[in-house]
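Peer 1: So the sequence lines, in the order shown, correspond to chains A and B.
Per the working numbering, residue 1 is the first one in the first sequence, and the count goes up by one each step.
Per the working numbering, residue 1001 is the first one in the second sequence, and the count goes up by one each step.
None of these hints come from the bench; they were simulated from the model.
All residues carry an ideal CB built from backbone N, CA and C; glycine is no exception.
Don't take every hint at face value.
Said to hold, decoys possible - Capping the alpha-carbon separation at 27 Å, the derived lysine-lysine pairs in BS3-like fashion look like this:
| # | chain 1 | residue 1 | chain 2 | residue 2 |
| --- | --- | --- | --- | --- |
| 1 | B | K1117 | A | K389 |
| 2 | A | K371 | B | K1008 |
| 3 | A | K389 | B | K1180 |
| 4 | B | K1206 | A | K371 |
| 5 | A | K389 | B | K1177 |
| 6 | B | K1238 | B | K1095 |
| 7 | B | K1039 | A | K389 |
| 8 | B | K1116 | A | K371 |
| 9 | A | K371 | B | K1140 |
| 10 | A | K35 | A | K57 |
| 11 | B | K1140 | A | K389 |
| 12 | B | K1177 | A | K371 |
| 13 | A | K275 | A | K19 |
| 14 | B | K1140 | A | K310 |
Said to hold, decoys possible - To give a feel for the contact side, a few chain B residues facing chain A, derived at Cβ under 7 Å:
| # | residue |
| --- | --- |
| 15 | T1012 |
| 16 | D1137 |
| 17 | L1139 |
| 18 | R1143 |
| 19 | G1165 |
| 20 | T1168 |
| 21 | K1169 |
Stated by the list, open to error - One side of the interface only, derived from the structure: several residues of chain B facing chain A at Cβ under 8 Å:
| # | residue |
| --- | --- |
| 22 | K1140 |
| 23 | D1158 |
| 24 | P1159 |
| 25 | P1162 |
| 26 | E1170 |
| 27 | F1171 |
| 28 | N1174 |
| 29 | K1177 |
So the chains spell out like this:
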Amino acid sequence: MTKKNQERMPILEALNQMKKDRLVPFDVPGHKRGKGSPELTAFLGQACLSVDVNSMKLLDNLCHPVSVIREAEKLAADAFGAAEAFFMVNGTTSAVQSMVLSVCKRGDKIILPRNVHRSVINALIICGAIPVYVNPEINHRLGISLGMSVPAVKEAIEKNPDAKAILVNNPTYYGICSDLKTIVKLAHEKGMLALVDEAHGTHFYFGQNMPISAMAAGADMASVSMHKSGGSLTQSSFLLIGANMKAGYVRQIINLTQTTSGSYLLLSSLDISRKNLALHGKEIFAQVTEMAQYARDEINEIGDYYAYSKELINGDTIFDFDQTKLSVNTLEIGLAGIEVYNLLRDEYDIQTEFGDVGNLLAYISVGDNRKNLERLVSALAEIRRIYRKDPAGMVTYEYINPEVVVGPQEAFYGEKIALPIADTVGRVCSEFVMCYPPGIPILAPGERVTQEILDSVAYMKDRGSSMTGPEDMNLEYLNVLEEI
Amino acid sequence: MELWFSEKHTPTVKLSIQVDRQLYSGQSEFQRIDVFDSKEFGRFLTLDGFIMLTEKDEYIYHEMIVHVPMAVHPNAKRILVIGAGDGGVLRELTKYQQIEQIDLVEIDELVVEVSKKYLPQTSCGFSDERVRFFYQDGLKFVRRHENEYDLIIVDSTDPFGPGEGLFTKEFYGNCFKALKEDGMMVNQHESAFYAEDAIAMQRAHKRIVNSFPVSRVYQAHIPTYPSGHWLFGFASKKYHPIDDLKAVKWNALGFKTHYYNTRLHVGAFALPNYVEELLKEVEN
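Isolated chain A (complex conformation) (with noise of 0.2 Å):
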C-alpha cells in the first residue's frame, strides 16, 4: 500500500468537479439536486442532496466502472491487500452473497458454521447450493458460540471432498477469531475455496495488533461492512477478492442483483472512509482498542457482569480475539443479555447493538468518548444494583445441531402449509426463524422442527427478544413442508 495514492478520493473528487461544472440535469433522480424535494432536503441538507445524482460520464458506472470507480477500487484493493476490491451499495448481504453465487451452482455442496448470518443462507436459497454444516462449539460458562475449529473443518472436508468452498464467519459478532490460516490452507489443499464473512473485521485490515485478515490469511473472497468499523455510511460494503478469483466472472454476479443505481453518497463514503483508514486506521483503531479496554475493565470491576477478551483464546476454536469488541456476560447478575438490552434502552437511554440469552454487546468505535463509556459503565452498575436476581435457573446458549433434510432451495420454494407452531414438531420448516439482531437464525429452511428448538424461540421470546423471519409476524403458526 502506498500512503501517496491513499490520499486521493477519485470518487469524491468528480463530485466536486461535477458542482463545479454546474450541469443542467434532465436526467434522475426527479429531486434535481434536491429542488424538486424542500422538505427532504431540509432535513438531509443541501450539500447531501447536490450528490444524490445518478451514473454519467463524469462518475463512471458501478455496474461496469472504467474510470474514476475503477480509480477507487484500485485505492481500495491496494488499501486491503487484496487483487480486486468491488464496491458494494446493497449491503454486506449482497457482498456475502455474492461470494457464494460466485462458487456455488445448484447442488453444489459448501462448507459452513451453523451460526452464519441469515445473507448466507439466503444465498443457498437463491443458488440451490447444499450447505454441510460445521458444528461450532459452545462455550458454555458465556453461552456463544465459538469459532470453527480446525479438526471439524478436517472432518468435513474428508466427508465431502467434492465440496465446492469454505465459508468462515471472522470474527463473529463477539470478537471471536478462527484459525484462518490454517482453514484457508486445508481448503486449497482439496482444491476448495475459502470464503470469509468478515462483516465484523474491517479494522483488521488497518490497527495494529489485530487478529489476522481474510486477505493476509490468502482466503479467496471476503465480505467487509466498511459501514460498521469502517466509518461509512449504512449499507455501503466491500467485497475483496484474491489472485485465484476470475474478477470478471464475479463483477457478473454481483450485477445479476446489485442496483443498476448505484448511490453515489454510499459510494463516496466508501472513497472516503477508505482513504481515511488507509491513513489513520493505526491511530484510530489503537484508540478505539483502548477505550474497549478501559470499559472492559471498568465493567469487570463492578462485579458480576464479565466482560471478556483475549483470556479466552484456546488455540482452535478461539484462535484469537477481537479486542475491540465489547461483550459482557450478564447470566450472573441473573438477567439475560437481551434483558439488561431493554434496561439499558428503556431506563437509560442507551441504545446498544444486541442482547441474547446471556450477552451484552456493545459497539465502540472512533466516535465514541469517554463520558458516553462513563454512563454506560454507571448504567450496568445501576442495573446490577437495582435489578439483580438470583442467577440459578437462567438459560444459557446451548447449539442444536440442525437436522438438514433437505436443502434450503427445496424447502423454500417446496409446497408448504402453515401450522400452529406447537404442533410442528417433526415436521421439516420452510422459513427462517430468528432472533434479531443479531440475525443468526435458530430454524432455516429444510430443518426439522424438534421441541427443544420451539421451548429456545419461546424463552427468547419470553425475554423481550425480536423474532423474525416468517411469514406470519407474530409467529404463532409455522410454514412446514406439506410432504414430509
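Fit chain B to the given chain A structure using the hints.
Peer 2: Leaving out everything else, chain B in the frame of chain A:
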C-alpha cells in the same frame, strides 16, 4: 470602543454584557474557558460561551445550593461536591465548623486553575484543608462510593457538553448509593421558562423522582442565567426540606448571607403554577 459579550438564551433571545476587557481565554481538553471583566457584573466566567458565574450575582446561586441542604441536615460531616470548579460552593461550605471532609470532583482542572488566578472572590474556598481534590469524571467517581456521604452537591454545567453525564438516571442512582441512609443531594436543576431548558429540567426531575423517595424543587432569581428564574433540585433519602428545616439552629450559627435566610428557605419551595405543572407531568 464598545466590546460586548453575548450569550444566546434561545435561538432568538440573547443577553449581552458590555466587557471592559478579557482577562483569560483558553481551551482545555473539555471546553473553552474565558474570563471577562465588566462594569456592571464585575468579573465573569464563561464555559463554551455560557456564563457560569459573575461576581455580582454568584452569591445567590452559591448560598442557595449550600445553605438550603445544610439547614435541613442535622449533622452533615462528609460532603461530596461535583463540578464547582470556581470554588463558590466551597466558600459557603467551609463556613460550617461541623464539616470534616469535602471531596471536590471536577472534570476540568484548568477551570480550577483559572478560577484561582482570576476569580479570588469564589476561589478563596479552595485553600481550606478539609477539601480534597479529584480531577475526574463525576459519574466515574460516584460509581465507586457507597454509603459514604451525608450530602452531595451537584454544581454542574448545562446538560449539553461535559456536564451531560450529570443529568442521567445512572448518575442520580449512583449518588443515591453513595449517600448514607439519611443523606441528601441538591443539584443545579436548569430553568422552566424557555422550552428547551424546561425539557432538560423535566428530564432531570423525572430521573431524580425515580431514584429518591423525597424529591422537591426550589427556586432562586439569578439575573445572568436564562430567564433569570432558576431552579434547584432537593432529593433526600429521609429528611423533608421544610418539615425538617432547623431554622433556630441555623440562625444561631450567625452566618452573614446576602440572599439566603430561613424564611426564604421555606418560600423557595413554593413554585409558580406553570412550574408545578411541568414537574407533575413527569412525576407519575
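Peer 1: With reference to the structure, classify each hint as holding or not holding.
Peer 2: For each hint, the structure was consulted:
1. K1117/B with K389/A: With Cα atoms ~52 Å apart, K1117/B and K389/A exceed 27 Å; violated.
2. K371/A with K1008/B: Holds: K371/A and K1008/B sit about 25 Å apart, inside 27 Å.
3. K389/A with K1180/B: holds, 24 Å
4. K1206/B with K371/A: holds, 21 Å
5. K389/A with K1177/B: holds, 18 Å
6. K1238/B with K1095/B: holds, 24 Å
7. K1039/B with K389/A: violated, 61 Å
8. K1116/B with K371/A: Holds: K1116/B and K371/A sit about 26 Å apart, inside 27 Å.
9. K371/A with K1140/B: Holds: K371/A and K1140/B sit about 9 Å apart, inside 27 Å.
10. K35/A with K57/A: Between K35/A and K57/A the Cα gap is close to 23 Å, so the pair holds against 27 Å.
11. K1140/B with K389/A: holds, 24 Å
12. K1177/B with K371/A: holds, 20 Å
13. K275/A with K19/A: holds, 21 Å
14. K1140/B with K310/A: holds, 25 Å
15. T1012: violated, 19 Å
16. D1137: holds, 5 Å
17. L1139: holds, 4 Å
18. R1143: holds, 5 Å
19. G1165: It holds, given that the least Cβ distance between G1165/B and chain A is near 5 Å, below 7 Å.
20. T1168: Because about 6 Å separates T1168/B from the closest Cβ in chain A, which is inside the 7 Å limit, the hint holds.
21. K1169: holds, 6 Å
22. K1140: Constraint on K1140/B satisfied, holds at 5 Å.
23. D1158: violated, 14 Å
24. P1159: violated, 12 Å
25. P1162: The hint holds - P1162/B has a Cβ within 8 Å of chain A, the shortest such distance being about 7 Å.
26. E1170: It holds, given that the least Cβ distance between E1170/B and chain A is near 4 Å, below 8 Å.
27. F1171: holds, 7 Å
28. N1174: holds, 6 Å
29. K1177: With a minimum Cβ separation of about 6 Å from chain A (threshold 8 Å), the hint on K1177/B holds.
Hints 1, 7, 15, 23, 24 from the earlier list are contradicted by this structure; the remaining hints agree with it.
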